[in-house]
Amino acid sequence: MVVTRRLLLATTLALGLPLAAPQAEPMVESIHFLIPGGAGGGWDGTARGTGQALVRSGLLGNASYENMSGGGGGKAIAHLIETADRQHDTLMVNSTPIIIRSLRGNFPQSFRDLTPIAGTIGDYAAMVVRPDSPFETWQDVVAAFEQDPRSVKVAGGSVRGGMDHLVAALAFAGTGGDPMSVAYVPYDAGGDARAGLLSGETDLLSTGLGEVLEQHKSGDLRVLAVSAEERLDTLPDVPTLRETGSDVTFVNWRGFFGAPGLPEDLADRYAVMLEAMYETEAWEEVRARNGWVEIFTPRAEFTDFLEQQEAEVADMFERLGVETVR
Amino acid sequence: MSEGILIGLSTAMQPLNLLMVFVGCFAGTFIGMLPGLGPISAIALMIPITYGFDPAAGMILMAGVYYGAVFGGSTSSILINAPGIAGTVATAFEGYPLAQRGDAGKALAIAAYASFAGGTIGAVLLLAAAPALAAVALSFQSADYFALMVLGLTAVSAFAARGQFLKAMMMTVVGLMLATVGQDVSSDTYRFTFGQVDLLDGFSFLLIAMATFALSEALMVVLRRQMVAPEALAATKGHMGSLALSRGEIREMVPAILRASPFGFLIGVLPGAGATIASFLAYGMERNVARGEAKARFGKGSVRGLAAPETANNAASTGSFVPLLTLGIPGSGTTAVMLGALLSFGIQPGPSLFQDRPEVFWSVIVSMYLGNVILLILNLPLIPYIARLLTLPRQILVPLILFFSLIGVYLVSFNPFDIQAMVAFAAFALVFRLMDYPMAPLILAFVLGRLMEENLRRALLINDGSISFLWERPICLGITIVTIVVLAVPIFDWWRQRRVVTAGEGG
Numbered sequence: 014m015v016v017t018r019r020l021l022l023a024t025t026l027a028l029g030l031p032l033a034a035p036q037a038e039p040m041v042e043s044i045h046f047l048i049p050g051g052a053g054g055g056w057d058g059t060a061r062g063t064g065q066a067l068v069r070s071g072l073l074g075n076a077s078y079e080n081m082s083g084g085g086g087g088k089a090i091a092h093l094i095e096t097a098d099r100q101h102d103t104l105m106v107n108s109t110p111i112i113i114r115s116l117r118g119n120f121p122q123s124f125r126d127l128t129p130i131a132g133t134i135g136d137y138a139a140m141v142v143r144p145d146s147p148f149e150t151w152q153d154v155v156a157a158f159e160q161d162p163r164s165v166k167v168a169g170g171s172v173r174g175g176m177d178h179l180v181a182a183l184a185f186a187g188t189g190g191d192p193m194s195v196a197y198v199p200y201d202a203g204g205d206a207r208a209g210l211l212s213g214e215t216d217l218l219s220t221g222l223g224e225v226l227e228q229h230k231s232g233d234l235r236v237l238a239v240s241a242e243e244r245l246d247t248l249p250d251v252p253t254l255r256e257t258g259s260d261v262t263f264v265n266w267r268g269f270f271g272a273p274g275l276p277e278d279l280a281d282r283y284a285v286m287l288e289a290m291y292e293t294e295a296w297e298e299v300r301a302r303n304g305w306v307e308i309f310t311p312r313a314e315f316t317d318f319l320e321q322q323e324a325e326v327a328d329m330f331e332r333l334g335v336e337t338v339r
Numbered sequence: 015m016s017e018g019i020l021i022g023l024s025t026a027m028q029p030l031n032l033l034m035v036f037v038g039c040f041a042g043t044f045i046g047m048l049p050g051l052g053p054i055s056a057i058a059l060m061i062p063i064t065y066g067f068d069p070a071a072g073m074i075l076m077a078g079v080y081y082g083a084v085f086g087g088s089t090s091s092i093l094i095n096a097p098g099i100a101g102t103v104a105t106a107f108e109g110y111p112l113a114q115r116g117d118a119g120k121a122l123a124i125a126a127y128a129s130f131a132g133g134t135i136g137a138v139l140l141l142a143a144a145p146a147l148a149a150v151a152l153s154f155q156s157a158d159y160f161a162l163m164v165l166g167l168t169a170v171s172a173f174a175a176r177g178q179f180l181k182a183m184m185m186t187v188v189g190l191m192l193a194t195v196g197q198d199v200s201s202d203t204y205r206f207t208f209g210q211v212d213l214l215d216g217f218s219f220l221l222i223a224m225a226t227f228a229l230s231e232a233l234m235v236v237l238r239r240q241m242v243a244p245e246a247l248a249a250t251k252g253h254m255g256s257l258a259l260s261r262g263e264i265r266e267m268v269p270a271i272l273r274a275s276p277f278g279f280l281i282g283v284l285p286g287a288g289a290t291i292a293s294f295l296a297y298g299m300e301r302n303v304a305r306g307e308a309k310a311r312f313g314k315g316s317v318r319g320l321a322a323p324e325t326a327n328n329a330a331s332t333g334s335f336v337p338l339l340t341l342g343i344p345g346s347g348t349t350a351v352m353l354g355a356l357l358s359f360g361i362q363p364g365p366s367l368f369q370d371r372p373e374v375f376w377s378v379i380v381s382m383y384l385g386n387v388i389l390l391i392l393n394l395p396l397i398p399y400i401a402r403l404l405t406l407p408r409q410i411l412v413p414l415i416l417f418f419s420l421i422g423v424y425l426v427s428f429n430p431f432d433i434q435a436m437v438a439f440a441a442f443a444l445v446f447r448l449m450d451y452p453m454a455p456l457i458l459a460f461v462l463g464r465l466m467e468e469n470l471r472r473a474l475l476i477n478d479g480s481i482s483f484l485w486e487r488p489i490c491l492g493i494t495i496v497t498i499v500v501l502a503v504p505i506f507d508w509w510r511q512r513r514v515v516t517a518g519e520g521g
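From first to last, the protein sequence lines are chains A and B. So the first sequence is numbered by my numbering: it starts at 14 and just counts up by one. So the second sequence is numbered by my numbering: it starts at 15 and just counts up by one.
Pulled out of the complex, with its shape left as it was, chain A reads as follows (with noise of 0.2 Å):
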């Protein structure tokens, strides 16, 4: 049988194997992926668009991946922690909800049951109105929410005591309003957030940036406020919420762990790698296509930074009355 080129090319696309090899030493020799979540998920995205960035790039020269599913995450982190002394070359992806979900008692363990290696990409929320709203800014919108709470209702992609209704409710707090009466409807994704704000039986919209930066541009929506520390260079005619008075700061991020008790010279390793793959081109074209925004944190930073917005969580919890276990 005779096996032509072109064949063999078909045959290597269809299976989607790189097609030259790395060139020179890489950086690390294999990172095995452990995804918590099921295939096509968030979580899914991140972690094999990190890997295919890492190994096209030449800075990893393998890569496999392994998804489990369960218990928002929980079944992942647990696995992770049971087979430490064997995951020294895996890192899991993980994102906010880990600091929510543990807090909430989803699951037993926290970050600090892991080594946390990184902070790669992030996303501010926005609060976002219709174009033809009565809202104008910010403070409208706390004004009506004042007069009437049940008057705005918000819409967000995550359940009740989630990601969502937790910037919007920190929102609202943050001008003393009453963070227990904010009118919070769940969706089941920020797309299906943006349709029911679009078809009127929502007032306001608390999502992700990334998710409505589009159609502000396009005037299809309009975004009010974002949780940034500064005014944006995407946006920069749209003020903080701090700006507004209410003083709140949140980025919803996602990053990657090891297992615990991984040596600390491995565990920089890998950062540094994540680090080099943001010049890479192969980076720049995973990132370009999905709209991700780059949030570098590294080694003590990412733990510094996981600490103070666990503490933020924590305390947003206790205004609305959510149960927490720590």
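The set of hints was computed from the structure by calculation and includes no laboratory data. Hints may be right or wrong, so weigh each one.
To be verified - Calculated Cβ distances over 12 Å to all of chain A for the following chain B residues:
(1) A146
(2) L190
(3) S256
(4) R265
(5) V387
(6) Y399
(7) L411
(8) D450
(9) I498
Claimed, not checked - Covered by chain B, according to a simulated footprint, are these stretches of chain A (three or more residues, beta-carbon under 8 Å):
(10) 71-81
(11) 169-177
(12) 205-218
Just so we're clear, the structure is a prediction, and the values are computed from it rather than from any experiment. Ideal placement from N, C-alpha and C gives every residue a C-beta, glycine not left out.
We have chain A already, so just place chain B on it with the hints.
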């Protein structure tokens, strides 16, 4: 719009994607031809295989599989009088007599032309209807979605085969119950998890689809061995008769196709009523329209009697994509599985898909249509060879399907618990299948259950706890009235039958 179609076309025409259609059509025809296995099983089997594919390529493969499976079902209906799925039962009415007469090739050719024409006219209507409905759908609120899903679930039971209304309703309830397992989306509490970590996320859709369709259908093949007519078996061994149609036959076929296409499409758009109802109704309509000699030929191998249901089931399949793509609501078991497939590619159908990512919206439509075209080009000349697959021993086929179902689910979750749950559900499905309970309402209710609950609870939150939206919102009120009418159909049927029986006893 034309720009969207062009982008869709140029994506679909890439060599790799064309290869996908080819592979999909072949695999789909093969699976669909096995008696008892239909498009739902075929698509469910493909979902794990296409993980990690580029969405366009994956969608195109699915489209090929889908049309292939529908066509494969017609093939086994015609050749061995064993419809792969309910949607091709009406095909056997005229197709099998034709095959017995030695005109198997002709019957298959008519089925292929009619399917193609139905799909084509359906696609044109879809191009016109989908954007218009998507625009309207933007103003749909949670309350309207809830009412529409109640309609879909009611209709799928009300239109179930005669005497199956209660059985279908029971399966709907089972599906709704299964959908409540896991994290409650509105309040973040866990329900029916019994402290099991594996149940926290609920049952995966793929698991339920594979267990209630692929696995249990394959097991049914083992349990029910159909008698096969020798003439038809002869056809499968290569004596097909001519594939060519005479001028008179074409003249008879074309008007039937033109009548059945828009009719089938409209039936398909209705939530709950799909290819099966469309094919039966189209067959009945064609028989009523026929006069004199043409009417006498019905039941003995009528060309138009074969063309009408074949056209209608394809047009209806295309029509059922209207609610799926514009509202994100599947109206039938098959589109429920399609929704699962789309979600696995990261495509969330709904009004915002059309607005935000028109290129995806159009490439789904174009690839669906391409599957239809390639099927005609490929399958027509290959019919005699493909038909021989029917003679492959079941001892080989059935284990293969069981293997692919189990491995397919495992390869997505990597969780052994899923395998155990799947086997348990397959056993449950098998028992209920043997008692003649339909499984499509179960899978539809399982998919819609979560959505329906979420939308109801949102509507209640927005209305501060009052259900007045059911009659205060005009769209909601309209849909609710249709639901009540649909529900009255089987009740009226039952009442009329009872009256006939009592009258008979009295006389």
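A quick look at each hint next to the structure:
Non-interface call for B:A146 relative to chain A: holds, since the shortest CB-CB distance, roughly 17 Å, exceeds 12 Å. No beta-carbon of chain A is positioned within 12 Å of the beta-carbon of B:L190; the least distance is around 17 Å. The claim that B:S256 is not at the interface with chain A holds, since no C-beta of that chain comes within 12 Å of its own (minimum 36 Å). Against chain A, the non-interface label of B:R265 holds: every CB pair exceeds 12 Å, the least being about 45 Å.
The claim that B:V387 is not at the interface with chain A holds, since no C-beta of that chain comes within 12 Å of its own (minimum 22 Å). Against chain A, the non-interface label of B:Y399 holds: every CB pair exceeds 12 Å, the least being about 21 Å. Every CB of chain A is more than 12 Å from the CB of B:L411 (nearest about 25 Å), matching its label as outside the interface. The claim that B:D450 is not at the interface with chain A holds, since no C-beta of that chain comes within 12 Å of its own (minimum 34 Å).
The beta carbon of B:I498 sits about 24 Å from the closest Cβ of chain A, which is more than 12 Å, so the claim that it is off the interface holds. Evaluation of the coverage hint for the segment 71-81 of chain A: fulfilled, as 3 residues show C-beta separations to chain B shorter than 8 Å, against a requirement of three. Given as covered by chain B, the segment 169-177 of chain A passes the check, having 4 residues with a CB less than 8 Å from a CB of that chain where 3 are the minimum. Under the rule that three or more residues need a Cβ within less than 8 Å of chain B, the assignment of the segment 205-218 of chain A holds, with 9 such residues.
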